[in-house]
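When you get a sec, could you build the whole thing from the sequences and use the hints?
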Amino acid sequence: MTTADNTDSDPDSATTAEAAPSGTAPSGTFAALAIPRFRLLWTSGAIAFLAVGMQMTARAWLAIELTDSNSAYAVVILAFGVGMLFSIPFGGVAADRFAKRTVVVCAHMGLTVSSLWLGAMALAGLEAYWMLVVVSAMHGVSFAFMGPARVAFTGEIVPRAVLPNAVSLTQLTVAATQIVGPSLAGFLIAAPGMGTAGVYLITGGLTLVSIVPVLRLPAGRSTRTDHRSPLAELGDGLRYVRADRELAIVVGSTVFLVLVAMPYATFLPKVAEELFDVGPGWIGVLYGANSVGGAIATLYTARVSSADRVRQLRILCGYTMASGIALLAVTPNALVALPVLVFLGGGALAFQALNSSTALMLSEPAYHGRIQSLIMVAFSGSSLASTPLGALADAIGLRQMHLFMAVAAGVVVTAAMVLERSGGRQQALT
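Using my numbering, the letters of the sequence shown correspond one by one to residues 7 to 436.
Simulated from the structure, these hints should not be mistaken for lab results. Beta carbons: idealized from backbone N, C-alpha and C, even for Gly. Do not take every clue at face value.
[Unchecked claim] FRET-style restraints, in silico, Cβ to Cβ:
1. V424 x V291: 36 to 46 Å
2. G396 x G285: 19 to 29 Å
3. A78 x A40: 46 to 56 Å
Dropping the structure here:
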């Protein structure tokens, strides 16, 4: 009888190691879904991520309806980024200090309550711009707590040998729902009797439903029993990363690469308008191509279980991002940009998945939440990095700015590769 057989009967058991030993761990593209507890967590995430994808379109359309101003919409996006950026460190501490199931449920409830409130206000004709800004910030805060807790929870309920597969499958749902969600929301907004109010009410219902599978999971280990301040615990996490050379390289390269490379997605609307001279209809197509590439790449990385192969793919995906951005800089039109974005999006999403799983395998469970929060800080900070990059584009040109990003990304990846090869710890992750 496996460990899973002993623990499934007690959903609140503190024991979270469900799968068989690494030698008999499931294999294949969807290996992690053979683990019942991960299947519940994955299902919950798929529902929640679909709601988030739908909210992307609803948020933009409601901002247009209320203000018809690009700068006003930018403030809505900024509210999400700022709420997420300043809450992520505390989200990581919460994931390590408290039961992860509780943190995930509370984060999903934050998404639910805020979406239902805005939907109800819109349905009653009482919606206002400030409400949209507040809800956007609340969603950012909810993400800051949900992200580290979900990834750290995965590290508890999935054996180490299957972690890359589990994280890749999670990223696959993100890519897929970024394709389906915005399109579905656009259809619903145009449907009679729906509009943005209906979309927000539906997404609030979806995030509420996404809580149900989580409630069937064990509470998850609470790794902290003392009562130190969150900032002190965050400092412990930073010192832990600095003390481990390979972990520091993984986290550090992720942070720098995200800051210099990930803003390419932020500039896609400007690329479409200024470089390709196409209308807003093409923006969704370009983002869709980017997400399709991510889905294809994560399907491939989901099959990779060898630690050495994961390490090689991380570097390869980093170079894929750098070269993809360089290709985008010289792409002549939107049609040619589609395969370029499939290539670039594949490298970007696979890089995220591989780095998250590598950080989990290199670290102790007591630090999983805080380490993931450090990685997520970079992703939220990439929206802020868009400001100086935008100023650079104004100064030297949009194509030249993308070439600068590509070179900077290549330098970061090369530095990480050299540091890893010169380090003392090169054995396989086991």
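Checked hints:
{"no.": "1", "hint": "V424 x V291: 36 to 46 Å", "in the structure": "38 Å, holds"}
{"no.": "2", "hint": "G396 x G285: 19 to 29 Å", "in the structure": "21 Å, holds"}
{"no.": "3", "hint": "A78 x A40: 46 to 56 Å", "in the structure": "47 Å, holds"}
The structure shown violates none of the earlier numbered hints.
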